[in-house]
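Asker: As you go down the protein sequences, you meet chains A and B in turn. Heads up, the first sequence is in our numbering, so the first residue is 2 and it goes up one at a time. Heads up, the second sequence is in our numbering, so the first residue is 2 and it goes up one at a time.
Treat the hints as calculated values from the structure; they're not laboratory data. Take every hint as true, because none was put in to throw you off.
Ranges between beta-carbon positions, derived for each pair:
{"id": "1", "chain 1": "B", "residue 1": "K140", "chain 2": "A", "residue 2": "Y284", "range": "49 to 59 Å"}
{"id": "2", "chain 1": "B", "residue 1": "Q455", "chain 2": "A", "residue 2": "A375", "range": "49 to 59 Å"}
{"id": "3", "chain 1": "B", "residue 1": "G55", "chain 2": "A", "residue 2": "E59", "range": "36 to 46 Å"}
{"id": "4", "chain 1": "B", "residue 1": "Q455", "chain 2": "A", "residue 2": "E447", "range": "29 to 39 Å"}
In silico lysine-lysine, BS3-like type, Cα no more than 30 Å apart, as pairs:
{"id": "5", "chain 1": "B", "residue 1": "K63", "chain 2": "A", "residue 2": "K88"}
{"id": "6", "chain 1": "B", "residue 1": "K333", "chain 2": "B", "residue 2": "K63"}
{"id": "7", "chain 1": "B", "residue 1": "K443", "chain 2": "A", "residue 2": "K282"}
Using N, Cα and C, we set each Cβ at its ideal position, and we do this for glycine too.
2 protein chains.
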Amino acid sequence: MAQKPSIPKGTRDFAPQEMMRRNYIFETIKRVFEHYAYKPIETPAMENLSTLLGKYGEEGDKLLFKILNSGDFLNGVNLDICEDDDKSKRLSTIICEKGLRYDLTVPFARFVVQHQNELTFPFKRYQIQPVWRADRPQKGRYREFFQCDVDVIGSTSLLNEAELLNIIDDVYKKLNIRVVTKINNRKILAGIAETIGFPDKIIDITIAIDKLDKIGLEKVNEELSTKISAEAIAKLQPILLMKGDFLEKVETLKTTLTHSEIGLKGISEMVELFDYISDLKLYMPCELDLTLARGLNYYTGAIFEVKTLDVAMGSVCGGGRYDDLTGIFGLKNMSGVGVSFGADRIYDVMNELNVFPEHSIVSSQILFVNFGHAETRFILPLLKRLREKNIACELYPDAVKMQKQFNYANDNHIPYVAIIGEDEIKTSSITVKTMQSGQQQKMSVEHLIDFLAQK
Amino acid sequence: MAQKPSIPKGTRDFAPQEMMRRNYIFETIKRVFEHYAYKPIETPAMENLSTLLGKYGEEGDKLLFKILNSGDFLNGVNLDICEDDDKSKRLSTIICEKGLRYDLTVPFARFVVQHQNELTFPFKRYQIQPVWRADRPQKGRYREFFQCDVDVIGSTSLLNEAELLNIIDDVYKKLNIRVVTKINNRKILAGIAETIGFPDKIIDITIAIDKLDKIGLEKVNEELSTKISAEAIAKLQPILLMKGDFLEKVETLKTTLTHSEIGLKGISEMVELFDYISDLKLYMPCELDLTLARGLNYYTGAIFEVKTLDVAMGSVCGGGRYDDLTGIFGLKNMSGVGVSFGADRIYDVMNELNVFPEHSIVSSQILFVNFGHAETRFILPLLKRLREKNIACELYPDAVKMQKQFNYANDNHIPYVAIIGEDEIKTSSITVKTMQSGQQQKMSVEHLIDFLAQK
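This is chain A alone, in the form it adopts within the complex (with noise of 0.2 Å):
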């Protein structure tokens, strides 16, 4: 007998009810971001290896699923590179030409550059598809996950990053998750690291400042004591020990970045944002956070990373300003910034606070039940009737036993059931189940229809 079969580790089928749920993220993403007037595009599964290579740093680049050519890939290929210490790395590169999308932001700047001159600038974008990533799966973690990314380009305006706050905030509330977005400024990050004599340990920084809450500041320093000079740290103390409101620490800031230009200009960013950010009156808090580095080294600018505040859980949406993001295809002078919002985090956090409305679960508003061809004949043109009054409905198609049907009716969470027999074709009437209390009523056709128009 045939294996039961299974699917690819770290992959997954969406039943039904986890389809409606996630429907429903995506549904009310994508209404914020077309009130914002983002519009949809979409890249295809597979990219040349060409556009993806060396995007994502040597780790990527082994995390990207290649794709074997078809045909009769090793024609022509000679095989004596299969005595080399890296001839799989080598092999592959000769008979796969293409690979799976490893995120949407690299197929997006390839769109742009491709699709340049039928653009209009500034080019306000969200697409939302599923990306591959051949990482060891674990729990949360996997290798076919959904992006939903919001980008605008072309501009270099911080009312862009304002909209991109305002949007964040929408989503999160349209969604019933209460989060807090932590803003940090690459341009400050780069100014202290200018300011004291390390440019290239942004990160050890960051991580370092980080720790305060958890080991003090003087375990702090003497971490940051194995990776940078003594007079650098003296020199990063006023940062460490910033404390106050927001204008505060921008006034710490000011005093320690002041002889460095981006760091300055960051500070600037950063209070013009918040300005916007008062207006925008938003319903989630924004905070200043130095800790924030992000991964990506393409960011130039504003940073963000959104937290949810009653479920422990990664960032649900991170993102930020990338000054240069098309230059990798040749087209300079592309300022950029974005935001992706995690689709499977935000599903886990929702599920986790039980807050999915009931109506994104969608079934038929009635099941009628089938007692044979005769009555069969009397429903189908009534079925008809209903659905064009928009109402879902429908008919068990076997007229087997009605405990049966009963069950069907529950299992799918459809609220009414209808009955006619003999007597209801007689008397032009329907007998109406109400599954959850188990009443019954009758009534006619007309009052049926009206009856459900109105749920």
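Given chain A's structure and the hints, the job is docking chain B onto it.
Answerer: Just chain B now, kept in the frame of chain A:
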């Protein structure tokens, strides 16, 4: 300099206007599916090759996109096989365990078998996802394209076939495309082949019948003589000469197939289905068409094909009854029936007929001109109020020349532009320009909200 980037041949980018129109098609189809209580599922892009291989014939196997195993895929592989003639084929089975899905039917069968204990039967599902085939790309044929499949599995009732016809009727009526649905039954075809003594010549016989109109009876019989015996051709004549309406044709078939049990079963199924069709009062015509065979071998009962009446295009939808689809994965006696809508062809037909409704292109309703910082801070809270009323709107992010901002509105099909300068701020009013007519009018914020909410 970097070369202008490109995408793999046979794949496509979808720009905003095309995306919106495609989404209009998908949304319309989904809404209909849901009216009939079909439920969404999704399966991973990658399936194990053991799931896919051998399900689409030898040709299909060649068209599968295979995914290279991650990491050191050649480790432990004996490369002696690379001396063989079919070395590419043999090596691919060793270095690739996964492939991209080729259609939605086999993944659906796999899904049903894998999750059989979690599902309630009859199980009504729809699935809208891309599929990939390494076909030679040509006009209208892509290597990545979307299928919209709707199936019910676990019920043998012909009411399911009737329901699918109802769905087809609704979809094309809503999309404003006139179609005809051709219906045949594999059991009738089997009955004919059995009756004339050539059970394996079903395809040749349907091809011959199909040519009747074009080349005439004499030439058809001539062609048939190279495939089947003279006696068989004689027995086939009543069917080739068959005339009249549905009932007359049924009578001819009954007489001809009187000794074929399977043929008579097919005829009685066809009669029952046409009874339901007449009850349903469909908008589209449905025709018995004995020339319809459809390629896939798993069909066992009714088969459908939908053709547009106003544009020459292949079939825009097709499907049928399969009695043993899940048998390939070890689950017997699961009869199902389903159809698949071809979104790409539907798009092309609608484009050619120019029947996309205007509202399928979504844009913001109003663009606010950006004159600089002071005006901007007046506008930000206003945008928030509009969006709370579900009005899509945007502020141009940069304070550039008016003409550039107006061009942006035109390019993005934005019907109104709001001009708020010093004067307007003083009087708390807004000048609104209707882009199509060029007319301008001044109004209060409240008036603007009402004005746009009504559109």
